[in-house]
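Trainee: Each chain is listed here by its residues.
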Amino acid sequence: MKTDHYKTMLESVERALQVCRESLDKVDESHRKICDDLQDARDRLRALLLSSASQRA
Amino acid sequence: MAMSDALSSTGSDRRILIIDDEEDSFHLIRRLLRRVGATEAVEWCRDGERGLSRLDQLVQRETLPTLVILDLQMPGLSGHAVLAALKNDPRFSRLFVVVVSSSSLPEDIARAIQLGAFCYFEKYPTPEKFARVYEVAKERLPAVPTDDGYETALREIIDLVENALTVCSTSATEYNAADRELLNTLGTIRRRATARYLDRLNPPDRARWPFPSSFTRS
Chain A
1 MKTDHYKTML
11 ESVERALQVC
21 RESLDKVDES
31 HRKICDDLQD
41 ARDRLRALLL
51 SSASQRA
Chain B
1 MAMSDALSST
11 GSDRRILIID
21 DEEDSFHLIR
31 RLLRRVGATE
41 AVEWCRDGER
51 GLSRLDQLVQ
61 RETLPTLVIL
71 DLQMPGLSGH
81 AVLAALKNDP
91 RFSRLFVVVV
101 SSSSLPEDIA
111 RAIQLGAFCY
121 FEKYPTPEKF
131 ARVYEVAKER
141 LPAVPTDDGY
151 ETALREIIDL
161 VENALTVCST
171 SATEYNAADR
181 ELLNTLGTIR
191 RRATARYLDR
201 LNPPDRARWP
211 FPSSFTRS
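Chains as they are written, first to last, in my numbering: chain A, 1 to 57; chain B, 1 to 218.
None of these hints come from the bench; they were simulated from the model. Where hints are given, some of them may not hold.
[Claimed, not checked] With the C-beta cut set under 7 angstroms, the calculated list includes, among others, these residues of chain B facing chain A:
{"#": "1", "residue": "Tyr150"}
{"#": "2", "residue": "Ala153"}
{"#": "3", "residue": "Val161"}
{"#": "4", "residue": "Val167"}
{"#": "5", "residue": "Leu186"}
{"#": "6", "residue": "Ile189"}
[Stated by the list, open to error] To give an idea of the interface, some chain B residues facing chain A are shown, with a C-beta separation under 8 angstroms as derived from the structure:
{"#": "7", "residue": "Leu160"}
{"#": "8", "residue": "Ala164"}
{"#": "9", "residue": "Glu181"}
{"#": "10", "residue": "Leu182"}
{"#": "11", "residue": "Thr188"}
{"#": "12", "residue": "Arg196"}
Glycine included, C-beta positions come from ideal geometry on N, C-alpha and C.
In isolation and in its complexed conformation, chain A is listed as follows (with noise of 0.2 angstroms):
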């Protein structure tokens, strides 16, 4: 169950991800720091997700 929440979650925050790299060119440290933080969660999600799939394994 937690490992579909967050293969979920890890799509949306991916996206998320994209779609700011994406404007970085137009903006500021501000925004940098969105996407900073937004790789941290995607790279938090990856391990979670690894950690939760071995278990059920």
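With chain A held as given, fit chain B onto it using these hints.
Mentor: The following block gives chain B in isolation, referenced to the frame of chain A:
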């Protein structure tokens, strides 16, 4: 079709739009604008539908009015409905709308402000009071939205992060420390992106305007 009346020949494309079903109101407000030194062309739309349609034409030509003066009680689309339509359309995020209405009901005033009206006058404001608002509107030029797609991008980021947070909250009983850190990070992103989005929609000059003390009644 809007009725156009150039107050003076400035050679520019600047205008003020009055949306009011009463012709007398249009003439009175136009006179008021003259008194406060407005040099823009003044256009009149006699109902909400025509007003929105005219604004749509103007935004496509990137010539949004300096100021929109909006009545509330009109046949067809009310002033509140016009405000709601403008609020939901990012192209009008920098539009400066002042409500001039015969209603003095607090709920009408509150709703108009909630829907994005810059201020509210009961018919009719004195030239002194109106002059202050006109000066703010002029300083705020250009009213054309600067959206280069960034607001849309921010909106999408916020929605996606919201989605992730909603999914996360459905497994609330199974949180561990790593989940909580993730939640914090997502919450921070949502806060930052929302603050940025609101900054773009509500430029600082608007935020500085002293509401609610400027609920000016004549």
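Trainee: Taking the numbered hints from earlier one at a time, note which ones the structure violates and give those numbers from smallest to largest.
Mentor: Checked against the structure, no hint fails, so every one of them is satisfied.
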